[in-house]
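*Asks:* Residue strings, one per chain:
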Amino acid sequence: MASTGEDKRKVKAVKKMKDIMTTYYIEAKTAAQTGRKVAWITSGGPVEPLLAMDVIPVYPENHGAMIGASKMGVDLCEKAEAMGYASDLCSYARSDIACATVNGGPIGGLPRPDMLICGNNICGTVLKWYEVQARYFGCPLFIFDTPFCHTEFNDDMRRYVRRQVDEYTAFLAEACGRPFDFDRMKEVGRLSVEGQRTWQQVLDTAMNRPAPISAFDAFFHLALIVTLRGTQIAVDYYRELLAEMRERAAEGIGSIPNEKYRLLWDNLPVWYRTKWLSEKFASHGACLVADTYTSAWCGSLKYMDENDFLGSMAEGYSRIYLNIGVDEMADTVAAMVDKYGVDGVVLHSNRSCKPYSLGQYDIQRIVEERKGIPSLMIEADMVDERAFSESQIDTRIDAFMEVIRNRKN
Amino acid sequence: MLTAGIDVGSISTKAVLLEDGRFVRGRVAFTGYNAEAAGRRIFEEILQESGLTEDAVGGIIATGYGRKSVSFAGRAVTEILCHAAGARYLDAEIRSVVDIGGQDSKAIVLDADGRVKTFAMNDKCAAGTGRFLEVMARALEVDLDLFGALSLQAENPARISSLCTVFAESEVISLIARGEKRENIIAGIHESIGSRVSAMARRLGMVPPVMMTGGVAKNAGVVQALGKALDLPLRVSPQAQLTGAIGAAFLAARPE
Ligand code: SF4
Chain A
663 MASTGEDKRK
673 VKAVKKMKDI
683 MTTYYIEAKT
693 AAQTGRKVAW
703 ITSGGPVEPL
713 LAMDVIPVYP
723 ENHGAMIGAS
733 KMGVDLCEKA
743 EAMGYASDLC
753 SYARSDIACA
763 TVNGGPIGGL
773 PRPDMLICGN
783 NICGTVLKWY
793 EVQARYFGCP
803 LFIFDTPFCH
813 TEFNDDMRRY
823 VRRQVDEYTA
833 FLAEACGRPF
843 DFDRMKEVGR
853 LSVEGQRTWQ
863 QVLDTAMNRP
873 APISAFDAFF
883 HLALIVTLRG
893 TQIAVDYYRE
903 LLAEMRERAA
913 EGIGSIPNEK
923 YRLLWDNLPV
933 WYRTKWLSEK
943 FASHGACLVA
953 DTYTSAWCGS
963 LKYMDENDFL
973 GSMAEGYSRI
983 YLNIGVDEMA
993 DTVAAMVDKY
1003 GVDGVVLHSN
1013 RSCKPYSLGQ
1023 YDIQRIVEER
1033 KGIPSLMIEA
1043 DMVDERAFSE
1053 SQIDTRIDAF
1063 MEVIRNRKN
Chain B
72 MLTAGIDVGS
82 ISTKAVLLED
92 GRFVRGRVAF
102 TGYNAEAAGR
112 RIFEEILQES
122 GLTEDAVGGI
132 IATGYGRKSV
142 SFAGRAVTEI
152 LCHAAGARYL
162 DAEIRSVVDI
172 GGQDSKAIVL
182 DADGRVKTFA
192 MNDKCAAGTG
202 RFLEVMARAL
212 EVDLDLFGAL
222 SLQAENPARI
232 SSLCTVFAES
242 EVISLIARGE
252 KRENIIAGIH
262 ESIGSRVSAM
272 ARRLGMVPPV
282 MMTGGVAKNA
292 GVVQALGKAL
302 DLPLRVSPQA
312 QLTGAIGAAF
322 LAARPE
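Those protein sequences? They're chains A and B, same order as listed.
The first sequence begins at 663 in the working numbering and counts up by one.
The second sequence begins at 72 in the working numbering and counts up by one.
Source of the hints: derived by calculation from the structure; they are not laboratory data.
Just so you know, even glycine gets a beta-carbon here, dropped at the ideal spot from N, CA and C.
Listed next, with one range per pair, are the computed distances between beta-carbon atoms: (1) B:Gly-276 <-> A:Glu-990: 20 to 28 Å; (2) B:Ser-232 <-> A:Lys-678: 53 to 61 Å; (3) A:Trp-938 <-> B:Asp-214: 35 to 43 Å; (4) A:Tyr-965 <-> B:Asn-227: 55 to 63 Å; (5) B:Ile-82 <-> A:Trp-938: 21 to 29 Å.
Below 20 Å or equal to it, Euclidean Cα-Cα: the simulated DMTMM-like pairs (lysine to aspartate or glutamate) are: (6) A:Lys-1016 <-> B:Asp-194; (7) B:Lys-139 <-> B:Glu-327; (8) A:Lys-1070 <-> B:Asp-184; (9) A:Lys-922 <-> B:Glu-327.
Okay, chain A solo, but in the shape it has when bound:
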């Protein structure tokens, strides 16, 4: 009985996703042989113009997540520390900088970049990190500078960022030795918006009770909206996933066997412990039905115009979750609490990611006050396992679930 129950819970799309990612990395790693250019780009960076110029985008942060998930983070972080980098530096940066020198990690390192594209809409760390890599690889670096949107995005900001979009297309024309392909760009822009829209619809299926998809599932399925955003592959994949999730919702198949409580996750996943954490919460009948992380890749859809991608991306790429004020972040979380019917919030205070973790105590307080639901702060790091204490986190989760259970009964 139990085994059939688990079989029906398996997401069919998983296999396809693995194939797509394998093909993607093989293509990237053999780019030098096939005569294509490779760009390394930050996770929140403007990838679409790269695709318009047939450049293969590669994401050190996605690679960092793979390093974390394969539990190879500590080794690489220690190596970076031996090179002289502080242990307080983001563990994605540490593992990437170390990995580049030894071609380590689960896939033997990333392909050598022809150029680096750095968007500082996610943090300031990436600036120095990409400068280090530009020096190491001796390749050009383009910095896409998005001002922090404390409360608004005004016309000065729009002009400032919009001008950089033009500089960016000129940079790519120069790096590729041919004019920027504005026609192709239109198509890529349309596909990007379509991909984000479909990804949002996939996440929205978690509004169902039980939720057919959890944040832990989303951490996995996220890979394509990050790495292949702007391609037909991503759109097709998410359409298929959406159909599967809708079907599961119709049949009442939940992501976990016995959903009693619905939680929201804040911050990056703890990549080396996603399984442990999801089983831990599931053992309490708790499903993480929403998270601020995976939704960040479709959170600025409202600013995007698919018919004028280059024009609207100045705002779209500036007003992403990590580049807005704490009040707006709290509003976003509070809205998600309502939308997904959340009973409690779990915040991962992530030693690596300062912009994500800095305002968490305020967000926690605001959401607790406004929504009247409890929240839990757990301290860890997305890649560096040395910052994870199992027994402490175990106790905190047990105690938190006792509180939630007492409240609901």
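Chain A is fixed; fit chain B with the ligand onto it per the hints.
*Replies:* Structure of chain B with the ligand alone, referenced to chain A:
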């Protein structure tokens, strides 16, 4: 009905027997390296002391870090719930609890009915925990039990500014080298714990009356420093160290 609470902490293990909610006996022992054996041993001892056998006990709850290794317990409940229940058992008015444990400090706020409303625990760091005091006692070569009395004699508490236990220890060592009085150093250590733990408790918003529970509450110096930092009087029960185990034994009488 007889019920038992077994609180296996990182430093000490506590056991309590209640009969129909009435306190029968409590016991404290060192945990040592084997949490399971420590739980089993203390349970046997307390039964023997009371002239009882295991089948006389109608319900057992384990709590504390080793809660899941107590195989003879009916269920495991976290320290948060047990300290809350224990504090209310000892004093029915209590609305907030602060516990400084061996490797964890916690602040808990209860609603009027005594249910846990919210809680916070220290971050992954020994500063502001019982372990911090142990390290300092070793550096000062003073019996930890004397800390409370000595610190109350301090004229001018020394300032310990490091948040990190290891750095604070070297600060203490340099204070010793400089000839600072022991009483002042100890009082400084207590103030450092007080400010650390109160920061966490304040974030939660303490609702009076507040009780301090756990073994560290026996140390009058910490109680004073923490009360000062919180700007609130702290209630302390003579059975503070047994609070978690009392709460566990109390909850064991109730259906899950
Ligand atoms: S600091 Fe945060 S946003 Fe920046 S690279 Fe690291 S994880 Fe990403």
